[in-house]
Amino acid sequence: TGNCLAYMPRYYYDQEDGTRNSFFYGGCGGNRNNFSTEEDCYNKCGAMVATKVELCEKEKGGGLCRG
Numbered sequence: 001t002g003n004c005l006a007y008m009p010r011y012y013y014d015q016e017d018g019t020r021n022s023f024f025y026g027g028c029g030g031n032r033n034n035f036s037t038e039e040d041c042y043n044k045c046g047a048m049v050a051t052k053v054e055l056c057e058k059e060k061g062g063g064l065c066r067g
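The UniProt record's numbering applies: residue 1 is where the sequence shown begins, and numbers increase by one.
Just so you know, these hints were derived from the structure itself, not from any lab.
All C-beta atoms, glycine included, are put in the ideal place defined by N, C-alpha and C.
Careful: at least some of the hints might be erroneous.
Estimated spans, in silico, between C-beta atoms of each pair [to be verified]: (1) N43 to F23: 24 to 30 Å; (2) L5 to N43: 16 to 22 Å; (3) N43 to D17: 15 to 21 Å.
Think about it this way: if two alpha-carbon atoms lie no more than 25 Å apart in a straight line, the pair counts; the simulated DMTMM-like pairs of lysine to aspartate or glutamate are [what the hints assert, rightly or not]: (4) K44 to E16; (5) K44 to D14; (6) K44 to D17.
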């Protein structure tokens, strides 16, 4: 992927299924969803997904909401 001919292993975050996947990057072009390590990919994208899941799994709170 990319406009050049390099062959660098990289990782991207797939928003649809919430996974981190590998691909080979050509060295130029592309977008910001391009990380040199799986750890970098997780730190930038995976942590956000975990936070959303954790919020959804919490108990429903009580209160005086009217509406």
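message = A range of 16 to 22 Å was offered for this pair. Does it hold for the Cβ distance of L5 and N43?
response = Violated - the Cβ-Cβ distance for L5 and N43, about 29 Å, lies outside 16 to 22 Å.
request  = With a cut-off of 25 Å on the C-alpha distance, tell me whether K44 and E16 pass.
outcome  = Holds, at roughly 16 Å.
key: Hint check for D17 and N43 - Cβ pair distance inside 15 to 21 Å   = holds (19 Å)
task = Using the Cβ atoms, figure out if N43 sits within 24 to 30 Å of F23.
result = Violated - the Cβ-Cβ distance for N43 and F23, about 18 Å, lies outside 24 to 30 Å.
query = Straight-line Cα separation of K44 and D14 no greater than 25 Å?
reply = holds (12 Å)
ask   = Taking only the CA atoms, is the gap from K44 to D17 under or equal to 25 Å?
value = holds (16 Å)
In summary, the structure is inconsistent with hints 1 and 2 from the numbered list given earlier, while agreeing with the others.
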